[in-house]
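Number of protein chains: 2
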Amino acid sequence: MKILIIGAAGMVGSKLAQRLTTDGSLQGKAINSLTLADVVPAQAPTGFGGKLAIKTLDLTSPDAAESLIRERPDVIFHLAAIVSGEAELDFEKGYRINLDSTRDLFEAIRKANQADGYRPRLVFASSIAVVGAPLPFPIPDDFHTTPLTSYGTQKAICELLLSDYSRKGYFDGLGIRLPTICIRPGTPNKAASGFFSNILREPLVGKEAVLPVDESVRHWHASPRSAVGFLIHGAGIDLEKVGARRNLSMPGLSATVGEQIEALRRVAGDKAVKLIRREPDEMIMRICAGWAPGFEAKRARELGFTAETSFDEIIRIHIEDELGGRI
Amino acid sequence: MKILIIGAAGMVGSKLAQRLTTDGSLQGKAINSLTLADVVPAQAPTGFGGKLAIKTLDLTSPDAAESLIRERPDVIFHLAAIVSGEAELDFEKGYRINLDSTRDLFEAIRKANQADGYRPRLVFASSIAVVGAPLPFPIPDDFHTTPLTSYGTQKAICELLLSDYSRKGYFDGLGIRLPTICIRPGTPNKAASGFFSNILREPLVGKEAVLPVDESVRHWHASPRSAVGFLIHGAGIDLEKVGARRNLSMPGLSATVGEQIEALRRVAGDKAVKLIRREPDEMIMRICAGWAPGFEAKRARELGFTAETSFDEIIRIHIEDELGGRI
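Heads up: the sequence lines are chains A and B, in that order. The first sequence begins at 1 in the UniProt record's numbering and counts up by one. The second sequence begins at 1 in the UniProt record's numbering and counts up by one.
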């Protein structure tokens, strides 16, 4: 089994590479080749016994897609994208990377399919940004995609392409609409959504964190471990059961900021909660108001995708996976 | 007021050109320039008093889009596309014409917008093919787009691009999801949907027509006159009222084939109905089963778009517009 991860240097990509390495197999088949591609060198996972290749390349260069599939990987995880804020600031770059390089990949596979029958499983990381306010709660599986960002538009277009190329039999695609990943490891960043992670991650290690919105803000979350689990499950799922509608809103946890804080209190005590400093930010509040409060994710649940059911669990996963199990 | 119609040689395009000529104005402003563009020469409308240009060009050529907007038309009607069957047979051509040449047009406008502030109204002909079975009846406005053809995929992608370019202020776009146009003038064609028109148009002039499906088949119709009306109304509508969701399912008439036939009987008598020959066609029946039975079209109705409310009316419009008012 040969696996290719595109966007392997990112947070989810590197965790996916490590999980595949630890599992040693996918769909019951031993993984003997793992290629990690990104614009910057991906980190090698610990303990991979097969053939490991780390490819550094510009996905927008003319022959990038063709070179990536030259060895005919059986499963491709396509996670590469520039983030929402950057795609909004640089319209051309957003379309070039998030749309055109995905289409280049799909086209390269289609041409290989026509040349030699190549037909890989392709798991694509989409996003809840494909929907846009006003939104019902919970958002049903058949709700329309009316994104309010260029990033969301690019993801929604890639979803449509993925379905069409799959319908034509050029590859076996599955689009995975990831919830907001919480708790993101690392340091506080400037993403408007960063506070959802910051207010938990920082107090857990005795540091202050800023909360820019009201505690009533409701959003849709899953842990990094769940995100990796979605991708792995998607790579093995029976596509006959999925049918023609290949883009699935993943399960997740719908919670308010207040509920996040109460979970932190239960897990780490009042001392941790006191480290959250309230600094209302009008701009972030306005952006937040357009975000998804939560999805029904009925189809994905029926297809066996699972996520956390409480923020206590999300916090405990962070403690296990990032803090060595102790706070 | 300068107007550009792209795809002006088609049935709807030529009727639109004639209607604009007859009206003489759009949004209360006199039309002093009308450009009709297509891959084949469009027919000149009768009686246009202003500057008329008929442009024959390949929309996929590198400078086509730029040349089309060189004179900065105030309103652009973009109707050009290859049809569903052809896009399904020729994957590359479908994407090149239905997606890439639309994106080229949007890009040319964006660059003009950045150069000199150009910001036209752009009315785009989308299609009910953006949805795909299984479908509820009626289909609500917020139903997801999961097309089952490459044509529908290409239209759905153009809808997403149109919303994003409009949101960024590059142009003022509106996507119009046209119902199946009935009664299509002309001669019977091989389109799978052709029979909806054939079984009315042919008997009205004493000719036989073939019905390949059961009378219980339900579909979504509007007359050519309504289609032109949608485009004209869309060109003048207050986009503040439309908001961010720029693609609208048009109103139409949901009717079964049996209801079509009863309307024909009321308008043209048993003699006409007897000219319909039943020749069940398994393939057409299978294709039909995936088509939209009808839309709620609540938003479009509230925004003032109107269509026929009976098939008697659709037949009478055909008699008025195509048969000189008499059968």
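Since the hints were made in silico from the structure, they are not lab data. Here the structure is a predicted model, which is why all the values come from computation and not from measurement. Heads up, some of the hints might be wrong.
When chains are identical, the list treats them as one kind, so a pair holds in a single copy or across two.
Stated by the list, open to error - Restricting the straight-line Cα-Cα distance to at most 30 Å, the calculated cross-link-like pairs of lysine-lysine (DSBU-like) are:
no.	residue 1	residue 2
1	Lys29	Lys241
2	Lys111	Lys93
3	Lys241	Lys271
4	Lys93	Lys168
5	Lys274	Lys241
6	Lys190	Lys168
7	Lys298	Lys207
Give me the numbers of the hints this structure contradicts, sorted from smallest to largest. Violated hints (numbers, rising): 3, 5 and 7; every other hint is consistent with the structure.
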